[in-house]
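K.L.:
The residues making up each chain are set out below.
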Amino acid sequence: MNATCNYFKLFDLPVAFVLDPARLDEAYRSVQRQVHPDRFAGASDAERRLAMQRATLANEAYATLRQPLARALHILALRGVDANAGGGARMQPGFLARQLEWREAVAQARAARDAAALERLQQELQGEKDGRYEGLGGLLGGRQDEQAAEAARELMFIEKLEAEIGDGIEALEAG
Amino acid sequence: MAYSDKVIDHYENPRNVGSFDKSDAQVGTGMVGAPACGDVMKLQIKVNAQGVIEDARFKTYGCGSAIASSSLVTEWVKGRSLDEAETIRNTKIAEELALPPVKIHCSILAEDAIKAAIADYRRKHGDLSDAPVPAQPARAA
Numbered sequence: 005m006n007a008t009c010n011y012f013k014l015f016d017l018p019v020a021f022v023l024d025p026a027r028l029d030e031a032y033r034s035v036q037r038q039v040h041p042d043r044f045a046g047a048s049d050a051e052r053r054l055a056m057q058r059a060t061l062a063n064e065a066y067a068t069l070r071q072p073l074a075r076a077l078h079i080l081a082l083r084g085v086d087a088n089a090g091g092g093a094r095m096q097p098g099f100l101a102r103q104l105e106w107r108e109a110v111a112q113a114r115a116a117r118d119a120a121a122l123e124r125l126q127q128e129l130q131g132e133k134d135g136r137y138e139g140l141g142g143l144l145g146g147r148q149d150e151q152a153a154e155a156a157r158e159l160m161f162i163e164k165l166e167a168e169i170g171d172g173i174e175a176l177e178a179g
Numbered sequence: 442m443a444y445s446d447k448v449i450d451h452y453e454n455p456r457n458v459g460s461f462d463k464s465d466a467q468v469g470t471g472m473v474g475a476p477a478c479g480d481v482m483k484l485q486i487k488v489n490a491q492g493v494i495e496d497a498r499f500k501t502y503g504c505g506s507a508i509a510s511s512s513l514v515t516e517w518v519k520g521r522s523l524d525e526a527e528t529i530r531n532t533k534i535a536e537e538l539a540l541p542p543v544k545i546h547c548s549i550l551a552e553d554a555i556k557a558a559i560a561d562y563r564r565k566h567g568d569l570s571d572a573p574v575p576a577q578p579a580r581a582a
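The listed protein sequences correspond, in order, to chains A and B. Numbered per our numbering, the first sequence spans residues 5 to 179. Numbered per our numbering, the second sequence spans residues 442 to 582.
Keep in mind the hints are simulated off the structure, nothing from the lab. On a predicted model such as this, the values are computed, not experimentally measured, just so you know. By construction, the Cβ of each residue, glycine as well, lies at the ideal position given by its N, Cα and C atoms. Be careful, since some hints might not be right.
Heads up, simulated DMTMM-like pairs for lysine to aspartate or glutamate below, C-alpha to C-alpha not over 20 Å straight-line [unchecked claim]:
hint : chain 1 : residue 1 : chain 2 : residue 2
1    : B       : Lys463    : A       : Asp24
2    : B       : Lys565    : B       : Asp462
3    : A       : Lys13     : A       : Asp24
4    : B       : Lys519    : B       : Asp465
5    : B       : Lys565    : B       : Glu516
6    : B       : Lys533    : A       : Glu108
Only part of the chain A face toward chain B is listed, based on derived beta-carbon distances under 7 Å [to be verified]:
hint : residue
7    : Val22
8    : Met95
9    : Gly98
10   : Leu100
11   : Arg102
12   : Arg107
13   : Ala109
14   : Arg157
15   : Phe161
Some chain B residues flagged as far from chain A (calculated, every beta-carbon gap over 12 Å) [to be verified]:
hint : residue
16   : Cys478
17   : Lys483
18   : Arg563
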């Protein structure tokens with residue numbers, strides 16, 4: 005794999021975790037306008053292909069930067085840090101124990117078809133998640149990359165947990 | 442992706458699901474997780490006075506392959522000594538369950554979990570370090 009393409013640069017944005025979503029949207033639309041197929045109707049095959057590649061890249065970049073966790077992982081990758089450590093990362097036992105408790109609570113609420121309990125868990129998790137993203141932003145800003153990578157790894161579990169709760173609520177709503 | 446029959450069997454009828462009291466001196470607890478998929482696995486062994494694993498439990502929150510891998514390991518370790526159980530390799534788990542390459546990490550997680558459980562048991566019994574066995578947590582008055 006070649007060096008990580010800098011998605012921030014593509015949109016002419018500063019490499020920073022804190023990002024104005026409106027500015028990202030605007031930058032994305034601007035790139036999409038530049039490479040729109042209509043503008044290349046009379047162009048050569050090579051130019052059309054290049055425009056299409058840029059459009060695809062812009063889509064990837066946009067999808068990455070608008071998600072906070074993907075954005076953080078991208079910043080770390082630009083600094084040469086693979087937060088996922090090739091899948092071999094060891095998590096702290098205390099963190100894992102807490103994760104197991106959460107997952108158990110979600111499974112129990114789902115089994116009991118207790119939508120209110122799931123919503124409580126969702127709210128509780130939201131607060132936890134907000135705090136953790138704030139912390140991650142601080143670590144990235146302070147260039148504490150190893151700690152940021154650990155925080156990002158923990159957020160991978162938190163995001164998964166949130167998706168599980170969301171699935172549970174959806175399943176109950178679907179009857 | 443299609444799961445093998447063995448994965449489906451362990452997924453639908455998981456063996457040894459549950460928990461032991463992790464403060465029990467006979468019990469070793471291993472907890473592991475894979476950030477990329479958000480899977481969390483807890484594997485516990487109960488070791489008798491002869492150093493043989495007489496029972497095992499697991500709790501896994503993750504995909505079918507992760508559940509099957511941990512379920513299989515709890516079956517395999519019963520009746521084995523700690524040293525024997527330590528030789529369980531993820532390749533054997535993956536082979537037994539016919540895991541596809543993208544699910545190999547689930548078998549690695551299960552190997553890590555059993556190793557962590559054995560290490561926890563040994564730590565409790567002071568086998569791995571010169572440090573004294575940690576005191577039991579004080580009960581709330």
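K.L.:
Now, for every hint given, state plainly whether the structure supports it.
P.N.:
Evaluated hints:
Restraint check for B:Lys463 and A:Asp24: the C-alpha separation of about 47 Å exceeds 20 Å, so the hint is violated. Distance check on the hinted pair: B:Lys565 and B:Asp462 sit about 14 Å apart at the alpha-carbon level, within 20 Å; holds. Distance hint between A:Lys13 and A:Asp24 is fulfilled; the C-alpha atoms sit about 15 Å from each other, no more than 20 Å. Distance restraint check for B:Lys519 and B:Asp465: the Cα-Cα separation of roughly 18 Å lies within the 20 Å cut-off, and the hinted pair is therefore satisfied.
Proximity of B:Lys565 to B:Glu516 is assessed by CA-CA distance (about 23 Å); at most 20 Å being required, the pair is judged violated. A C-alpha spacing of about 29 Å is found between B:Lys533 and A:Glu108, which places the hinted pair above 20 Å, so the restraint is violated. Annotation: A:Val22 was flagged as interfacial toward chain B, and the flag is violated, the nearest CB pair being 23 Å apart, outside 7 Å. Because the beta carbon of A:Met95 sits about 5 Å from the nearest beta carbon in chain B, less than 7 Å, this interface hint is met.
Proximity of A:Gly98 to chain B is violated relative to the hint, the smallest CB-CB distance being about 9 Å (cut-off 7 Å). The restraint placing A:Leu100 at the interface with chain B holds, with a minimum CB-CB distance near 4 Å, inside the 7 Å limit. At a threshold of 7 Å, the smallest CB-CB gap from A:Arg102 to chain B is about 10 Å, leaving the interface hint violated. Checking A:Arg107 against chain B by beta carbon gives a least distance of about 4 Å; that is within 7 Å, so the hint holds.
Nearest Cβ of chain B to the Cβ of A:Ala109: about 11 Å, over the 7 Å cut. The hint is violated. Restraint check, A:Arg157 versus chain B: the minimum CB separation of about 4 Å is within 7 Å; hint holds. Given hint, A:Phe161 at the interface with chain B, holds; its Cβ is 5 Å from that chain's nearest Cβ, closer than 7 Å. Not every beta carbon of chain A lies more than 12 Å from that of B:Cys478, the smallest distance being close to 7 Å; the non-interface claim is violated.
At roughly 6 Å, the least C-beta separation between B:Lys483 and chain A is not larger than 12 Å, which violates its mark as non-interface. At roughly 15 Å from the closest C-beta of chain A, the C-beta of B:Arg563 stays outside 12 Å, upholding its exclusion from the interface.
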